[in-house]
Amino acid sequence: MTATTTSARSDLSEVGRSEATLRTFLHGLPGVDQVGAEQRAAMLGTRSIKTTAKAWAIDLAIRMVDLTTLEGADTPGKVRALAAKALRPDPADPSCPAVAALCVYPTMVPVAAAALWGAASGSGRPTADGSRMGLLGEPIDDGGPAIGRPPAGGATRVHLASVATAFPSGQAPLEIRLADTRAAVAGGADEIDMVISRGAFLSGRYQQVYDEIVAVKAACGDAHLKVILETGELATYDNVRRASWLAMLAGADFIKTSTGKVPVAATLPVTLVMLEAVRDFRAATGRQVGVKPAGGIKTTKDAVKYLVLVNETAGEDWLHPDWFRFGASSLLNDLLMQRTKLTTGVYSGPDYFTLD
Amino acid sequence: MFEYAPAPESRSVVDLKPSYGLFIGGDFVEPGDGGSFKSINPASEEALAEVAEAGPGDVDRAVRAARRAYDEVWGPMPGRDRAKYLFRIARIIQERARELAVLESLDNGKPIRESRDVDIPLVAAHFFYYAGWADKLGHAGLGPNPRPLGVAGQVIPWNFPLLMLAWKIAPALATGNTVVLKPAETTPLTALLFAEICQQADLPPGVVNIVTGAGATGQALVEHDGVAKVAFTGSTDVGRQIARSVAGTRKRLTLELGGKAANIVFDDAPVDQAVEGIVNGIFFNQGHVCCAGSRLLVQESVYDEVLAALKRRMAQLRVGDPLDKNTDVGAINSAAQLERIRTLTEIGSAEGAQRWSPPCELPARGFWFAPTIFTGVSQTHRIARDEIFGPVLSVLTFRTPAEAVEKANNTPYGLSAGIWTDKGSRILWMADRLRAGVVWANTFNKFDPTSPFGGFKESGYGREGGRHGLEAYLDV
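As they're listed, the protein sequences go chains A and B.
Heads up, the first sequence is in the UniProt record's numbering, so the first residue is 1 and it goes up one at a time.
Heads up, the second sequence is in the UniProt record's numbering, so the first residue is 1 and it goes up one at a time.
FYI, nobody ran anything at the bench for these hints, they're computed from the structure.
A portion of the hints provided could be inaccurate.
To be verified - Mimicking SDA-like on lysine to any residue, the simulated pairs with C-alpha atoms at most 25 Å apart in a straight line are:
{"#": "1", "chain 1": "A", "residue 1": "K50", "chain 2": "A", "residue 2": "L342"}
{"#": "2", "chain 1": "B", "residue 1": "K423", "chain 2": "A", "residue 2": "G28"}
{"#": "3", "chain 1": "B", "residue 1": "K84", "chain 2": "B", "residue 2": "E406"}
{"#": "4", "chain 1": "A", "residue 1": "K298", "chain 2": "A", "residue 2": "P168"}
{"#": "5", "chain 1": "A", "residue 1": "K50", "chain 2": "B", "residue 2": "P6"}
{"#": "6", "chain 1": "B", "residue 1": "K446", "chain 2": "B", "residue 2": "H468"}
{"#": "7", "chain 1": "B", "residue 1": "K446", "chain 2": "A", "residue 2": "D238"}
{"#": "8", "chain 1": "A", "residue 1": "K301", "chain 2": "B", "residue 2": "E3"}
{"#": "9", "chain 1": "A", "residue 1": "K298", "chain 2": "A", "residue 2": "G251"}
{"#": "10", "chain 1": "B", "residue 1": "K423", "chain 2": "A", "residue 2": "P173"}
{"#": "11", "chain 1": "A", "residue 1": "K298", "chain 2": "A", "residue 2": "G28"}
{"#": "12", "chain 1": "B", "residue 1": "K423", "chain 2": "B", "residue 2": "E406"}
{"#": "13", "chain 1": "B", "residue 1": "K446", "chain 2": "A", "residue 2": "Q39"}
{"#": "14", "chain 1": "B", "residue 1": "K311", "chain 2": "A", "residue 2": "A42"}
{"#": "15", "chain 1": "A", "residue 1": "K301", "chain 2": "B", "residue 2": "D328"}
{"#": "16", "chain 1": "A", "residue 1": "K301", "chain 2": "B", "residue 2": "H381"}
{"#": "17", "chain 1": "B", "residue 1": "K423", "chain 2": "A", "residue 2": "T69"}
Stated by the list, open to error - Below, a sample of chain A positions facing chain B; criterion: calculated Cβ distance under 8 Å:
{"#": "18", "residue": "T46"}
{"#": "19", "residue": "A53"}
{"#": "20", "residue": "E175"}
{"#": "21", "residue": "E312"}
{"#": "22", "residue": "E316"}
Note that the structure is predicted; figures quoted are calculated from it, not measured.
Even glycine gets a Cβ: it sits at the ideal position worked out from N, Cα and C.
Only chain A is shown next, with the shape it has when bound in the complex:
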């Protein structure tokens, strides 16, 4: 904040102008004390969220899930199954909300778009004004143009996210990464999860990372851009803070912790540092950026800890699927299990929840 809250808003647009300005800015950010940050995250992890607060948190967490499958073995069948789960996580309970988004590889985007919005049949394809939701049983208007966009607004709108830019390593020529992005957007993805060049960042080539994010953002068009920092490879919280600011300065709509493909994925302290960054960035620029921890969040207890962290760090403005997401696959079933336990008072066996 030393460097940010005191600088005028117009100053920040100049930061990306050159390697020198970027370096000066990023290295002027206040440091992060590792012990203190971890202690704060651990303390917030002791918050006791019970009864009504827990029910509220579980529903919010379900609405924040980016239901993810990123395997070499993904098939259209698998993606369609997951899309059905995304739209209606708990078939036995219509009051259960849909998740925020389905997250797949670019090759699976057309399949996912069709499964989510009915593009394959042509009858359920959503219009830009959100008047149709084929798979959810809402009224369908056959006149919609086939542009593969999700319905705007509406409580049950499920986004389609795609990882792009040579995920997970990002080690491909920029042109290929941009083509990857364009293909995903053309296929119907309205959210793109890109990876930064960790190598460039770690060797201090901030301008290169900045320019690449700007280029990918341009390739995204209207699609929202989530920038994956791969914090497990950045190693220090100082780096996490700098990379967060770098991504936000370059135009990221979301900053995301991890690909889930390296040993250390999302942790509470890393997410704490990123939440501090988005909070300070909004104070400095007026622009709000979302945060997405991804990888390793498997239980309701974990998810609730993250929501507490959001609440007591960035504040309640971020407690919305537009501003906070969980990148997860197995988390959803645990949330559903706990949700059922809260409403019925008993735990059901795992066979009562669908494996997709």
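We have chain A already, so just place chain B on it with the hints.
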């Protein structure tokens, strides 16, 4: 809006008796010549239990019991056997941690999160640590065969009732002394539960004696001829009286008194963690901490950012029911202490400092004070000089490291200090010059049984904790 539903810790784990006697010679006995008083829950003003008030006769009985135990059992006992008892006590404390934590929060008003995560684990750690020393005293650097002193008379405060008991009793027993301890009159209950733990551990009768009562009881104890060593933690005024009464006797004395610690934030500090440290420094335990960071010294160049971040963070503090697991700031320990805090803060306003508290709803019953900061404070203001012992922070500024040292040291006290900077060399430079018993760097209010604790100047003398803590209880 994420509203945390109430998450109260259950009281049923605590089995409180309606009244307690004095713990003398291994048994609870009725006071011979004293009366009784009630210990109340400061969060609700409800009476928790009736507690005996020890008179001079009772104190005499307790000291005699302690002397007999010292001469016949505890003094001659080999260190390795004393260690067994201390290890056993430490384990029982761990086993009964929840019960002790709930009772501590009930009697003291501190949040259960602190009694559960800080107080009680540290209590057990102190007993474990000093248990380890009991058979190694010859290797403590205090001579080949250091001898115990005899009966230790110990008087402890109400801010960390059981932890202060552990700081006093664990090293005394490890070194072969026996003790008569007087807990504070507003918080005697965990000491009485500790007496039950001594019984459970089969500690020989008379090794630990607990006499409850107010100032007169404490005075009778420290002035008793049979006491060889006096240890006191509390206010500087009472510490002075004790020093006077002990002067001219052969009694050994250690005093751990007040403080007015400076928490110094430089412009290169990790701001978010520094703000956590400021909050932890002054609002931990409602500011009822002798080493609390009650003076914030901020470098002028980052004053605005630090203040803005501090206010934002203070608005997150959850003030209320001490037994709620999500409470950050609990109740003020007593009506008298609340009155003192109110008086000093009114003086602060009258002297021209600007007062700020986050919006927070305080419960109707009990003793409460909202977390408060004063800005525009200068060294001449009383809120910059007097120990308030409450959740009240005075904010001052400085321009250079030398000025920070000068202001930090410009106090009659010298218990602790905090430094926040990313520059290691500056930490060492500052630590060399700060006249304080403890200097924390990029953290605050961190305690460990291996680390000595004590003061400079009016904050007292003698050290507790660590190897140094043994010296106070040994004839070296």
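For this session: Please work out if B/K423 and A/P173 have their alpha carbons no farther apart than 25 Å.
Result: Distance ~40 Å between B/K423 and A/P173 Cα, so the pair is violated.
Exercise. Quick one, is the A/A53 hint okay against chain B at 8 Å, beta carbons?
Worked result: Since chain B brings a Cβ to about 4 Å from A/A53, closer than 8 Å, the hint holds.
Exercise. Going straight from one Cα to the other, do A/K301 and B/E3 come out at no more than 25 Å?
Worked result: holds, 17 Å
Exercise. Does A/A42 lie within 25 Å of B/K311 when you go C-alpha to C-alpha?
Worked result: Roughly 22 Å between the alpha carbons, so the hint for B/K311 and A/A42 holds.
Problem set entry | Proposed proximity, A/Q39 with B/K446 (alpha carbon, max 25 Å) | Answer holds: B/K446 to A/Q39 is near 12 Å, not above 25 Å.
Problem set entry | Holds or violated: A/K50 to B/P6, with C-alpha atoms at most 25 Å apart | holds, 8 Å
Exercise. Holds or violated: is the Cβ of A/E175 closer than 8 Å to a Cβ in chain B?
Worked result: violated, 39 Å
Exercise. Does A/P168 lie within 25 Å of A/K298 when you go C-alpha to C-alpha?
Worked result: Status holds; Cα separation ~20 Å.
Exercise. If you draw a straight line from the CA of B/K446 to the CA of B/H468, is it 25 Å or shorter?
Worked result: It holds: about 18 Å lies between the C-alpha atoms, which stays within 25 Å.
Problem set entry | Pair hint outcome, B/K423 versus A/G28 [Cα-Cα no greater than 25 Å] | holds, 14 Å
Exercise. Does A/E312 pass the interface check with chain B, least Cβ-Cβ distance below 8 Å?
Worked result: holds, 5 Å
For this session: Assess, step by step, whether the Cα of B/K446 is no farther than 25 Å from the Cα of A/D238, and give holds or violated.
Result: With Cα atoms ~24 Å apart, B/K446 and A/D238 stay inside 25 Å; holds.
Against the hints set out earlier in the document, violations occur for numbers 3, 9, 10, 11, 16, 17 and 20.
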